[in-house]
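Build out the structure end to end from the sequences listed, making use of the hints.
Protein chains in written order, with our numbering: chain A, 115 to 267; chain B, 74 to 427.
No wet-lab data here; the hints were simulated from the structure. Only a predicted model underlies this, so the values are computations on that prediction, with no experimental measurement involved. From the three backbone atoms N, C-alpha and C, an ideal C-beta is built for every residue, glycine too.
Capping the alpha-carbon separation at 16 Å, the derived lysine to aspartate or glutamate pairs in EDC-like fashion look like this:
(1) K130(B) - D201(B)
(2) K130(B) - E301(B)
(3) K147(A) - D162(A)
(4) K168(A) - D386(B)
(5) K168(A) - D390(B)
(6) K154(B) - D169(B)
Simulated DEER-style distance windows between Cβ atoms:
(7) A404(B) - F137(A): 21 to 31 Å
(8) R163(B) - R266(A): 48 to 58 Å
(9) E194(B) - A158(A): 38 to 48 Å
(10) E151(B) - V265(A): 57 to 67 Å
(11) W159(A) - R163(B): 16 to 26 Å
Computed footprint of chain A on chain B, listed as stretches where at least three residues anywhere in the stretch have a Cβ under 8 Å from a Cβ of chain A:
(12) 158–167
(13) 241–255
(14) 382–390
If you want the building blocks of each chain, they are given just below.
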Amino acid sequence: MKTRPYPAWISRLFIFLVAALSFTGLTQMPLAKRYALTTIPGMAWTGDFYLVHKIHYVLGAMLLFLAALAAVNWLKGWGRTLRLTGLGAARVAVVGGLLLSGLLRVYRNLPGVTLDPAYILTIEWAHLILFMVLGVLALVALMRGVSAYAVRK
Amino acid sequence: MAEKKHRTGTVSRRGFLKALGVGSAGALVPAAPALAAQERVPAPSDGELATLLDLSKCIGCGACVEACRESNADKFPEPVKPFSEMLPSRRAKPEDWSDLRDVDDRLTPYNWLFLQNAQVEYRGESFDINIPRRCMHCQNPPCANMCPFGAANKQVNGLTRISPNLCMGGAKCRTVCPWHIPQRQSGVGLYRHLMPRLAGNGVMYKCDRCYQLLDKGELPACIAVCPENVQTIGPRAEIVARAKALAEEMNGFVYGLEENGGTNTLYVSPVPFGLIDQAIDKDSGPGADKKLRAADKAKALGPGRPPMGPVKDVMADETNLATAAFIAPVAGIAAGVLGLGSKLLNTGEDGHED
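See below:
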């Protein structure tokens, strides 16, 4: 198993954010009520589309902050001592695509903006497909025991 | 008490057709990539069209309801029966209007426009108000913003459409719509070919403002057929100005300027919409279900029978949170530049395994 040369809390925060974003993203689909998730004590909120949407926004903002922080530090110095693994690089690209398409969705939802429906469709499906790709890549990395994005050179 | 029917100066339909021509010219131009994002400034040049309904003119003849059905008949669903049994069957029940195609006292997948009636007393006078109800075509439509598949979208010419080829019929659009306008028909659409038992439940239907006619520069059917010229359509800025002028002229009220942050369907009435909202509980049109009338009045309105009360901007919180989403990466960059990262790395737990 590869070691992670960066603080554990960054990994944990990243995993938490991605997991929570995955959950709140999936519940953008009308699943919670149909599949009785809302009947589980403490989970009634999952049936409130607006609440789940807002939580997704907040978590998305947190992940954007973390990703920007990591990118700057990579350029500033982490890149000299660390090396992205193959699966790490693939996941960085997918997460980047998810963040970009997510931001475009936020932009599209502003009251003063109307994008052409063809672009909307591209953005939405890119977001959905990238999410699924990230899931597959994460699973492969986990099964191979190489879940760290970067290792020491 | 004398019944009063307000009549305001009629505005030439030809004049509006001319205005529509100006507005639709912009709407018909395919959006070039560079122009994809258009500010929704209500100006004639932006091509966003709005409709105005002068409720003082509507006699409730139903011509618009009939014309809507004829104009959109080829879009109506033809479900395949029997429906696949969905799971869990207790929670995922089919919604079937295919044997109730003649229902015209509420919105259904086969009836995208219906008439509400409100008997209202206001300032010592009795008013008989008829209200053609259909999609409000919001300026920032939650049905489109919240659709997880991009099946519902607002077009650059200001109308909101649901693509029957993409819609899975989850009915989220109906839930998040403040007026619960879209209606579901099961047994049709994409879900049948993907996971008919587990995902989806049909297709959602609602007014698409006769886009097939608008695309040709023609008036939507409900507007063209109206013998009383109740409706007018044109560039939003002009329609808003007309609505305000008309309301001032009749000492009346406008619905749709503030509701849900602004809609592209504006109603002008000689009586307050709060009174109309209370009154339409009592009677939802000529064919209203008698049992329903006798039932709890609050329940008479709901999916299929939209209310007319005040509606807050349901996407306002998201608009505020959007600022946080746009600032977040900038803040992350700033934090990185200011040295937060190197500090983190130095205090890192080398050799941490996960």
